[in-house]
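Peer 1: Take the given structure of chain C and dock chain X to it, following the hints.
What follows is the residue order along each chain.
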Amino acid sequence: MDLSAINPAVLFASLIVAATPILLAGLGELVVEKAGVLNLGVEGMMIVGAICGFAVAVNTGSPALGFIGGALGGAALSLIFAVLTQYLLANQVATGLALTLFGLGFAALIGQGYVGIKPPLTERLSFGPLSDIPVLGTVLLRHDLMVYLALLAVAGIWYVLNRTRVGLILRAVGENHDAAHALGYKVVRIRLLAIMFGGAMAGLGGAYLSLVRVPLWTEGMTSGAGWIALALVVFASWRPGRLMLGAWLFGGITVLQLNLQAAGAKVPVEYLQMSPYVITILVLVVMSARGGRAMGAPAALGRSFHATH
Amino acid sequence: MIYGLVRPDSGRMLLRGAPYQPAKPSEARQNGVAMVFQHFSLFEALNVAENVALGMENPPPMRELAERIRAVSQEYGLPLDPAKLVGDLSAGERQRVEIIRCLLQDPKLLIMDEPTSVLTPQEVGILFQTLRQLSAEGTAILYISHKLEEIRSLCDEATILRRGKVVATCTPRDKTARELAELMVGQVLTPPAKAPKPPGPVALEVTGLSVASPNPFGTALKDVSFTLRQGEVLGIAGVAGNGQDELLLAMSGEILSPEAAVKIAGQPVGRLGPNARRALGLVAAPEERLGHAAAPDMSLTENALLSSYVRKGFLKRGFIGWGAVEEFAQGIIKAFDVRTPGSHVAARALSGGNLQKFVIGREILQEPSVIVVNQPTWGVDAAAAAAIRQALLDLAARGAAVVAISQDLDELVEISDSFAALNEGRMTRPRPAQGLTVDEIGLMMGGAHGMDVAHHHEQQGASA
Numbered sequence: 000m001d002l003s004a005i006n007p008a009v010l011f012a013s014l015i016v017a018a019t020p021i022l023l024a025g026l027g028e029l030v031v032e033k034a035g036v037l038n039l040g041v042e043g044m045m046i047v048g049a050i051c052g053f054a055v056a057v058n059t060g061s062p063a064l065g066f067i068g069g070a071l072g073g074a075a076l077s078l079i080f081a082v083l084t085q086y087l088l089a090n091q092v093a094t095g096l097a098l099t100l101f102g103l104g105f106a107a108l109i110g111q112g113y114v115g116i117k118p119p120l121t122e123r124l125s126f127g128p129l130s131d132i133p134v135l136g137t138v139l140l141r142h143d144l145m146v147y148l149a150l151l152a153v154a155g156i157w158y159v160l161n162r163t164r165v166g167l168i169l170r171a172v173g174e175n176h177d178a179a180h181a182l183g184y185k186v187v188r189i190r191l192l193a194i195m196f197g198g199a200m201a202g203l204g205g206a207y208l209s210l211v212r213v214p215l216w217t218e219g220m221t222s223g224a225g226w227i228a229l230a231l232v233v234f235a236s237w238r239p240g241r242l243m244l245g246a247w248l249f250g251g252i253t254v255l256q257l258n259l260q261a262a263g264a265k266v267p268v269e270y271l272q273m274s275p276y277v278i279t280i281l282v283l284v285v286m287s288a289r290g291g292r293a294m295g296a297p298a299a300l301g302r303s304f305h306a307t308h
Numbered sequence: 000m001i002y003g004l005v006r007p008d009s010g011r012m013l014l015r016g017a018p019y020q021p022a023k024p025s026e027a028r029q030n031g032v033a034m035v036f037q038h039f040s041l042f043e044a045l046n047v048a049e050n051v052a053l054g055m056e057n058p059p060p061m062r063e064l065a066e067r068i069r070a071v072s073q074e075y076g077l078p079l080d081p082a083k084l085v086g087d088l089s090a091g092e093r094q095r096v097e098i099i100r101c102l103l104q105d106p107k108l109l110i111m112d113e114p115t116s117v118l119t120p121q122e123v124g125i126l127f128q129t130l131r132q133l134s135a136e137g138t139a140i141l142y143i144s145h146k147l148e149e150i151r152s153l154c155d156e157a158t159i160l161r162r163g164k165v166v167a168t169c170t171p172r173d174k175t176a177r178e179l180a181e182l183m184v185g186q187v188l189t190p191p192a193k194a195p196k197p198p199g200p201v202a203l204e205v206t207g208l209s210v211a212s213p214n215p216f217g218t219a220l221k222d223v224s225f226t227l228r229q230g231e232v233l234g235i236a237g238v239a240g241n242g243q244d245e246l247l248l249a250m251s252g253e254i255l256s257p258e259a260a261v262k263i264a265g266q267p268v269g270r271l272g273p274n275a276r277r278a279l280g281l282v283a284a285p286e287e288r289l290g291h292a293a294a295p296d297m298s299l300t301e302n303a304l305l306s307s308y309v310r311k312g313f314l315k316r317g318f319i320g321w322g323a324v325e326e327f328a329q330g331i332i333k334a335f336d337v338r339t340p341g342s343h344v345a346a347r348a349l350s351g352g353n354l355q356k357f358v359i360g361r362e363i364l365q366e367p368s369v370i371v372v373n374q375p376t377w378g379v380d381a382a383a384a385a386a387i388r389q390a391l392l393d394l395a396a397r398g399a400a401v402v403a404i405s406q407d408l409d410e411l412v413e414i415s416d417s418f419a420a421l422n423e424g425r426m427t428r429p430r431p432a433q434g435l436t437v438d439e440i441g442l443m444m445g446g447a448h449g450m451d452v453a454h455h456h457e458q459q460g461a462s463a
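As they're listed, the protein sequences go chains C and X. Those letters in the first sequence? Residues 0 to 308, per numbering that gives the first Met the number 0, in order. Those letters in the second sequence? Residues 0 to 463, per numbering that gives the first Met the number 0, in order.
In isolation and in its complexed conformation, chain C is listed as follows (with noise of 0.2 Å):
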């Protein structure tokens, strides 16, 4: 095994492209589960983004206007779980499951004339002379522009969460929807708007796989980013700059995987696979150990709203 083969300034930019994905769908599903709705269907928004965003790009020739398809595709998808779930009150959790496999299904069916295209490249933004900054360079400014929107999103949501009024008004709807109600606060429509802007999210990081990150059309490209995107909000427990750091965290254990195969390492490829759960796992021990209250989950998270009077 040549370990000296991994150059960790490289090592360390990849990671940050193989998080990014991720971080946009946990970002998404952050914002949703504030407002006090579970959707596990972000594995079937992703890949109905990917490949609405793959469509779009290779026809249009455009990346840009890619990835607004793929945002849309996945808006599309989660206004399904929206109605089902704010309006006839079905389960969030069987909905949200149907969703997924739904979205794995549909993907594949409107990808069938796209497999083994290449999608037209998505460029990556140049800094002049900084960008061959040694590591620095290598590290922070050689991406594209959906890796430095990504960061700001983290920080947007952030602060419209914490510092402002729409903010506030869904984490009180997530936190207790009867007492909203009782305010005056529209729950359904907010969590419609919130559920909308997690589909839209989960779109954007599926149509990053199959436009940047892979980049090609192949049926359940996904491969449980989804999923890992859902743990991923459980991990940073419910605020957007842990969710970040676990994103570089769970994305640098895909690209070490990739690594540590190259240079010929004996760790099976399974033991990676499944470590971002078994952290996850790890970290709900710790944090319920801990007590509830350390948890942050929103106190609706998951329970139906209907309006007795």
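Hints are computed from structural coordinates only; laboratory data are not their basis. Please note: incorrect hints may appear among the correct ones.
[As the list claims (entries may be wrong)] The following label-pair restraints were derived from C-beta to C-beta distances:
| hint | chain 1 | residue 1 | chain 2 | residue 2 | range |
| --- | --- | --- | --- | --- | --- |
| 1 | X | M297 | C | V92 | 28 to 38 Å |
| 2 | C | V285 | X | A294 | 55 to 65 Å |
| 3 | C | S236 | X | F318 | 45 to 55 Å |
| 4 | X | N214 | C | S236 | 13 to 23 Å |
| 5 | C | L283 | X | V344 | 36 to 46 Å |
| 6 | X | S224 | C | A288 | 23 to 33 Å |
| 7 | C | Y276 | X | D393 | 42 to 52 Å |
| 8 | C | L283 | X | L160 | 16 to 26 Å |
| 9 | C | E122 | X | N214 | 51 to 61 Å |
| 10 | C | V285 | X | E181 | 57 to 67 Å |
[Said to hold, decoys possible] Stretches of chain C that chain X covers, calculated by requiring three or more beta carbons in the stretch to come under 8 Å of a beta carbon on chain X:
| hint | region |
| --- | --- |
| 11 | 161 to 174 |
| 12 | 177 to 189 |
[What the hints assert, rightly or not] Going by beta-carbon spacing under 10 Å, a handful of chain X positions derived as facing chain C:
| hint | residue |
| --- | --- |
| 13 | E26 |
| 14 | A27 |
| 15 | R28 |
| 16 | G31 |
| 17 | L41 |
| 18 | E43 |
| 19 | A44 |
| 20 | L45 |
| 21 | A52 |
| 22 | L53 |
| 23 | G54 |
| 24 | M61 |
| 25 | E63 |
| 26 | L279 |
For glycine and all other residues, C-beta sits at the position ideal for the given N, C-alpha and C.
Peer 2: The following block gives chain X in isolation, referenced to the frame of chain C:
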């Protein structure tokens, strides 16, 4: 409806002489109508200032709002720290948050729905002073309560509602509490009869019980001790959220404790679960009717089975004898006058009072040797409440020990032989109920919890 949560089907409302029909609460708030809810409309994981901001139309920036909360709360003698999490506050403090939220909007009409059920008598006194001060400053107050003495001491005019209909309008100061109660219920009330009895052997003994709460915002029990003899009724008072739920759970066996901390008739049961304790004679009726005492979507017959099969022997080699259960459920319905079309009805379809009668009846008809009840008459009409109290007293007269946890002091005074209070998870030593005054009870409950008599700027000199 006045607050805009429900639209009227017919009729009209006038506010200051003008027609008034708010479509939503924010419209009501713009018209100067503010409301303090019976069940708190607060968010436990948010801090005081955020909670206040959520109830306002155009809240100022957080820092400014925190300053105003501090100022207003001092002015009305309701001290509050705007940065504290609401989940960490006592019930009395939470109510202050609600009141401050209303006061910050300069209301012309303040609606209060059962505001005192969570306060000690001292806190009630201070609240009333605040309300009188507000009304002197020109705020109209609509005060909804079933506590008649409060209405008599506070209100200028009372309207009595029975099943959604106005049945009378009167000046409460000219009526006795009795007359008001009879107007409310529509029938003549008989206070429960207590027969004097000699104390029997010890039925329940609790020594040095300390347990953590299973609820993240709950209160841990700290070193609770008492003994209860057969035929004795122990009344436990306390403001909501001071360990009542935890005490009931620790008695029923839902929270386990050290072996010797709880003894039924001398036998240590601290490590035993609910069914083992039922077999030894201890039954419990928790406060939360739907979801704790009864499974909402199961029929009354099925609910009757759930807590009684151990003592009534409804199981034969693992099979249920439904005929006998059905008979038992019918018996409860008859004995406790539960108004329901039949025992096949789902528990959630019953009104709160009827379900409460069913739940209490289910436990009492098992002829336990110890019964623990929490808020036995919460949300129950006066006639049914009297029936439940009488049933508890009758059970005690037959030799059972009764632990009654309640926030209704009048109720406790009526049924208890001895009396104790819970305050922040600690329990006072039980004292004979005879001769206790409301003031003494209030002090046992923890006095005014740091509340201060309203000192408005004009009155500052007088109160200092």
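Peer 1: Hints first: check each against the structure and report whether it holds.
Peer 2: Structure-based check of each hint:
1. M297/X to V92/C: 28 to 38 Å: violated (22 Å)
2. V285/C to A294/X: 55 to 65 Å: Given a distance of about 34 Å, which is not inside 55 to 65 Å, the answer is violated.
3. S236/C to F318/X: 45 to 55 Å: holds (47 Å)
4. N214/X to S236/C: 13 to 23 Å: 19 Å Cβ-Cβ, so the 13 to 23 Å window holds.
5. L283/C to V344/X: 36 to 46 Å: holds (41 Å)
6. S224/X to A288/C: 23 to 33 Å: Given about 30 Å between the Cβ atoms, the range holds.
7. Y276/C to D393/X: 42 to 52 Å: Violated - the Cβ-Cβ distance for Y276/C and D393/X, about 58 Å, lies outside 42 to 52 Å.
8. L283/C to L160/X: 16 to 26 Å: violated (49 Å)
9. E122/C to N214/X: 51 to 61 Å: holds (54 Å)
10. V285/C to E181/X: 57 to 67 Å: Since V285/C and E181/X have Cβ atoms about 60 Å apart, the given range 57 to 67 Å holds.
11. 161 to 174: With 6 residues closer than 8 Å to chain X, the region 161 to 174 of chain C meets the three-residue bar; holds.
12. 177 to 189: Our answer is that it holds, as 7 residues pass the Cβ test (under 8 Å) against chain X, meeting three.
13. E26: holds (9 Å)
14. A27: Because about 8 Å separates A27/X from the closest Cβ in chain C, which is inside the 10 Å limit, the hint holds.
15. R28: holds (8 Å)
16. G31: violated (15 Å)
17. L41: The hint holds - L41/X has a Cβ within 10 Å of chain C, the shortest such distance being about 6 Å.
18. E43: With a closest approach of 7 Å, the E43/X hint holds.
19. A44: Where the cut-off is 10 Å and the nearest Cβ of chain C is about 5 Å from A44/X, the hint holds.
20. L45: holds (6 Å)
21. A52: holds (6 Å)
22. L53: holds (5 Å)
23. G54: The hint holds - G54/X has a Cβ within 10 Å of chain C, the shortest such distance being about 6 Å.
24. M61: holds (8 Å)
25. E63: violated (14 Å)
26. L279: violated (32 Å)
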